[in-house]
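One letter stands for each residue in the lines below.
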Amino acid sequence: MSLRSGLRWPVMLWLAVLAGCLWWVTAHTRFNTDMAAFLPDSAAPAQQLMVDQLRDGVASRLVLLAVENGSAAERAQTSRKLAQALAASGHFSYVRNGEQALSPAERERLMQYRHLLSPATAAARFSAAGLEQSLQDSLQLLASPAGAMVKQLLPGDPTGAMLSLLEDWGGAGSSPSLQHGVWFSNDGQRALLLAQTHAPAFDIDAQQQVGDAIRQVFNASRTSPELQIIMSGPSVFAVASRNLIHNDAWRLSLLAMFLVSLILLLAYGSPRLLGLGILPVASGALVGLAAVSLCYGSVHGITLGFGATLIGEAVDYPTYLFTQRTAGESLRDTLKRIWPTLRLAVLTTVFGSLTMLLSGFSGLSQLGMFSLAGVLAAGLVTRFVLPEIAPGQFALASRTRTQALLARGASMLSGLKWLPLLVLAAAAAYLATQRQDLWENELSRLSPIPQQALELDRSLREALGAPDVRYLIAVPGATRQAALEQSEALVPQLQALVRQGITAGYDLAARIVPSARTQAARQAALPEPEALRRNLVLAVAKTPFKAEVFEPFLQQVEKSRHLPLLQASDWQGTPLGGLAEGLMVRQGDGWVALISLRNVSDEAALKTFMSGLGNDAFLLDIKGESSRMIMQYRDQSLRYSLLGVLAIMLVLGIGLRNFRAVFAVLLPVAAAMLATAALLAGMGIRLSLFHIVSLLLVLGIGLNYGLFFNRPALDEAEHRRTLFGVLVCAASTVSAFGVLAFSATPVLQAIGITVALGAILSLLFAAMWARS
Amino acid sequence: MITGHLLPARRLPHIALALLAALWCGLVQADWNTAALMKILAERPAGQVRYSETKHSALLREPLKMGGTLRYNKPAFLQKHVQTPFEEILTVDGERLTWEKPAAQKKHALALRDYPAIRGFIESMRSTLNGDAKTLERFYKIRLDGNEQQWTLVLLPSDIDMAQFIRVIRISGSKARISTIEIEEAGGDRSLMTLSGESP
Numbered sequence: 003m004s005l006r007s008g009l010r011w012p013v014m015l016w017l018a019v020l021a022g023c024l025w026w027v028t029a030h031t032r033f034n035t036d037m038a039a040f041l042p043d044s045a046a047p048a049q050q051l052m053v054d055q056l057r058d059g060v061a062s063r064l065v066l067l068a069v070e071n072g073s074a075a076e077r078a079q080t081s082r083k084l085a086q087a088l089a090a091s092g093h094f095s096y097v098r099n100g101e102q103a104l105s106p107a108e109r110e111r112l113m114q115y116r117h118l119l120s121p122a123t124a125a126a127r128f129s130a131a132g133l134e135q136s137l138q139d140s141l142q143l144l145a146s147p148a149g150a151m152v153k154q155l156l157p158g159d160p161t162g163a164m165l166s167l168l169e170d171w172g173g174a175g176s177s178p179s180l181q182h183g184v185w186f187s188n189d190g191q192r193a194l195l196l197a198q199t200h201a202p203a204f205d206i207d208a209q210q211q212v213g214d215a216i217r218q219v220f221n222a223s224r225t226s227p228e229l230q231i232i233m234s235g236p237s238v239f240a241v242a243s244r245n246l247i248h249n250d251a252w253r254l255s256l257l258a259m260f261l262v263s264l265i266l267l268l269a270y271g272s273p274r275l276l277g278l279g280i281l282p283v284a285s286g287a288l289v290g291l292a293a294v295s296l297c298y299g300s301v302h303g304i305t306l307g308f309g310a311t312l313i314g315e316a317v318d319y320p321t322y323l324f325t326q327r328t329a330g331e332s333l334r335d336t337l338k339r340i341w342p343t344l345r346l347a348v349l350t351t352v353f354g355s356l357t358m359l360l361s362g363f364s365g366l367s368q369l370g371m372f373s374l375a376g377v378l379a380a381g382l383v384t385r386f387v388l389p390e391i392a393p394g395q396f397a398l399a400s401r402t403r404t405q406a407l408l409a410r411g412a413s414m415l416s417g418l419k420w421l422p423l424l425v426l427a428a429a430a431a432y433l434a435t436q437r438q439d440l441w442e443n444e445l446s447r448l449s450p451i452p453q454q455a456l457e458l459d460r461s462l463r464e465a466l467g468a469p470d471v472r473y474l475i476a477v478p479g480a481t482r483q484a485a486l487e488q489s490e491a492l493v494p495q496l497q498a499l500v501r502q503g504i505t506a507g508y509d510l511a512a513r514i515v516p517s518a519r520t521q522a523a524r525q526a527a528l529p530e531p532e533a534l535r536r537n538l539v540l541a542v543a544k545t546p547f548k549a550e551v552f553e554p555f556l557q558q559v560e561k562s563r564h565l566p567l568l569q570a571s572d573w574q575g576t577p578l579g580g581l582a583e584g585l586m587v588r589q590g591d592g593w594v595a596l597i598s599l600r601n602v603s604d605e606a607a608l609k610t611f612m613s614g615l616g617n618d619a620f621l622l623d624i625k626g627e628s629s630r631m632i633m634q635y636r637d638q639s640l641r642y643s644l645l646g647v648l649a650i651m652l653v654l655g656i657g658l659r660n661f662r663a664v665f666a667v668l669l670p671v672a673a674a675m676l677a678t679a680a681l682l683a684g685m686g687i688r689l690s691l692f693h694i695v696s697l698l699l700v701l702g703i704g705l706n707y708g709l710f711f712n713r714p715a716l717d718e719a720e721h722r723r724t725l726f727g728v729l730v731c732a733a734s735t736v737s738a739f740g741v742l743a744f745s746a747t748p749v750l751q752a753i754g755i756t757v758a759l760g761a762i763l764s765l766l767f768a769a770m771w772a773r774s
Numbered sequence: 201m202i203t204g205h206l207l208p209a210r211r212l213p214h215i216a217l218a219l220l221a222a223l224w225c226g227l228v229q230a231d232w233n234t235a236a237l238m239k240i241l242a243e244r245p246a247g248q249v250r251y252s253e254t255k256h257s258a259l260l261r262e263p264l265k266m267g268g269t270l271r272y273n274k275p276a277f278l279q280k281h282v283q284t285p286f287e288e289i290l291t292v293d294g295e296r297l298t299w300e301k302p303a304a305q306k307k308h309a310l311a312l313r314d315y316p317a318i319r320g321f322i323e324s325m326r327s328t329l330n331g332d333a334k335t336l337e338r339f340y341k342i343r344l345d346g347n348e349q350q351w352t353l354v355l356l357p358s359d360i361d362m363a364q365f366i367r368v369i370r371i372s373g374s375k376a377r378i379s380t381i382e383i384e385e386a387g388g389d390r391s392l393m394t395l396s397g398e399s400p
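First to last, the protein sequences are chains A and B. When we follow the numbering used here, the leftmost residue of the first sequence carries the number 3, and every step to the right adds one. When we follow the numbering used here, the leftmost residue of the second sequence carries the number 201, and every step to the right adds one.
A hint or two may mislead.
To be verified - Facing chain B, a subset of chain A residues (Cβ under 7 Å, in silico):
hint, residue
1, 142
2, 529
3, 533
4, 539
5, 543
6, 546
7, 547
8, 554
9, 558
10, 602
11, 612
12, 662
Worth flagging that the hints you see were computed from the coordinates, not collected in a lab. Glycine included, every Cβ here is placed at the ideal spot set by N, Cα and C.
Kindly generate the complete structure, drawing on both the sequences and the hints.
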């Protein structure tokens, strides 16, 4: 008894570490889904900018809303109530439904600063001839149906500066048609709304709350139960895909867990061992999580997902232990026999992960850390904790008949040693010929969002004239003012772009807050009071207008000459202010002025246009850049995985001290990995990052199969037990991941099919090279 | 008839005649109301008329005289093509107002929602020409004077926004033909349009 309690220190240590990890994870670990983790340290400015825009860009906070079904009047009424309630909810910086294009505060700013904002402000416009032209235009306006209304504006604004600003910002040209006073789609079937969230787009939890709030507000404000709401936009998609993957993963995991439990129960014949068998991998996951969180401050969602996949091999450790036990033997004695092999199984994965850890590529090194710490912890728990807490005596099903059957099968397979070699060569050759089409570069195909939803988004975006989510023009400058000036200089070319129909419109911050230089130049173009009065008198004489009518104009021009220049802060709290802020981005020491485009219709023409610009401005292709970034991540993973394989070979060499044994362990798993990749390619599946991570798991478990198949056996009974153990491991892996292969979520499907296929092939090939 | 007994018998024929006349008029009047006018206006096909307009404004030293054509089509199309003294084409279709100045090669587009007053103003012409009583009633209190041969539709803006700019609009005509549109703005400015030469 005293001996037993003296040996309990590993259990105490284990419990202490688990408690510490649990405390750290629950109290301190932050999870994020920030794409920036994928950025290599030496990211190009375009990539930095792209990540910023994806996280929290001009377009990414926009939520497009549509109310459908019911009658048009009900839709319109609901749109009104919804807009009001959403604006009051505090989640949005603005909500628009077409009721009023500009807020009173915005109109007031435009009026006050009209001469500094108007691109038409130039000295010639205030000359006698220029004013005469303006007055002729004003006369026509006065005689038009708008006359009664603009009559009030005319005495202060005969040059029409305010009117053209209203026209620019009144939403004319790009906004949806109105029915019952609110925006409707062209077919009249949907009332449309546009809202911008306060919460950043990358904060999926916050965006989920926003989505829930919208639904709640809609249910409370709809005027008929028939009415339905549609939500769309980047943040809506982010929430939807997370939930889709989450639900799918949860459901399938439960099924997989059930299947694995069933297999292990059949194998051991003991529910108690089943419970013990979960401890190493669960401990490993917790330790991995805590280790990443300690070293990196936060844990990326991707690390968690991929990491949990990678340490999947730790499920096998207790299986190897339990199935190797002979009748009446204590687990401690069993471990003495199998520990050298199990240790090598753990160490190969640890060293394989080490290369990833050292990659200096934060997304990848987190993954390496998780897998290294997790597998190491699971191995140590299997070695030191399980024998302590396992009951001293327990009955284990002997399954001798199954084992005998396996032995016969294995000896048949051992005659096929040439097959893995052939497969390896054929798969390598096939993959080499398919090199061009091997990789999936179209990220959207990995998204669980249905195509239909993407098309709906496109049509809503077009109807609302909301900015394009894919393309932005970026104009860098050393200072905020320099970037503003550079972007202003592009306006004539942008107008040409619109005239050619390549884009429906554009927005830039300089339209709302022109650069100081431009404002000062416009101010300087305004004549002194005496000169302006002389010019006006000359001009008025040639029109039927009365001279004294335009006194307010003279006064207001004089006021404009002395206005402090318009600042971004003057727009604070207005939608236009929010738009201007979103379009100016600080980057490094400098600034970037962004130009958002609406409804880009011709991407090739846009690219040609950009290449002809010849200044620092560049086209930011958000979709293209993010694909490129993920590709980089994929290539990096591939490179470090290959380095990992080298490390594994080294560990095997040291551990086995026998070239033939290293070969017998490595060849089957290499053949299995290449054959899996080739089979996937042959099925027309393009490989992505997810397949690579899955193949790394195949590498981990396949090596273990090889190691156990090749460990020296004392007698035929031990050999058979080994065969049985490996088969149980393979069966549980194949059933768990085979379930994932039936997922509707492309990512889960990719992982499932790759691992299941890889495990089957590893098992077969390893059996062929098993020591007999 | 109680009064009949109190009246000299020789006057009876006059009274009978007067009664008959009143009865006849009443019958006719019963059929003549806003709905009836709108109905005959709505039944007209799309059309085009010439017009001349005189605009009096406090901003102007002398009235401005203009002329051109008006085109209208159901449900919501109106085009006012000013030909003299300058050329200008105003087109309203649905919610969108386009304003074109061919001489300057300029074309502007406004969304009518931003200018409820213009919207109401335009409806006085667009809805009347197209016989759209429903829209007209959204913007105006309507009174119909006269008879089918010589009617005057008096439109008083019901919207406060619009009443700021327009005091009253009087549209006169005979049967389905509109002859004048007189607009009185707040502050005393007014314009008179005379329509002629209807050509479908």
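Verification of the supplied hints:
1. 142: For residue 142 of chain A, the interface hint holds, since the closest Cβ of chain B sits about 5 Å away, which is under 7 Å.
2. 529: violated (23 Å)
3. 533: With a minimum Cβ separation of about 23 Å from chain B (threshold 7 Å), the hint on residue 533 of chain A is violated.
4. 539: Hint on residue 539 of chain A: violated, closest Cβ of chain B at ~14 Å, above 7 Å.
5. 543: violated (10 Å)
6. 546: holds (5 Å)
7. 547: holds (6 Å)
8. 554: Because about 12 Å separates residue 554 of chain A from the closest Cβ in chain B, which is outside the 7 Å limit, the hint is violated.
9. 558: At about 17 Å, which exceeds the 7 Å cut-off, the nearest Cβ of chain B leaves the hint on residue 558 of chain A violated.
10. 602: violated (21 Å)
11. 612: This interface hint is violated because 28 Å lies over the 7 Å limit.
12. 662: violated (82 Å)
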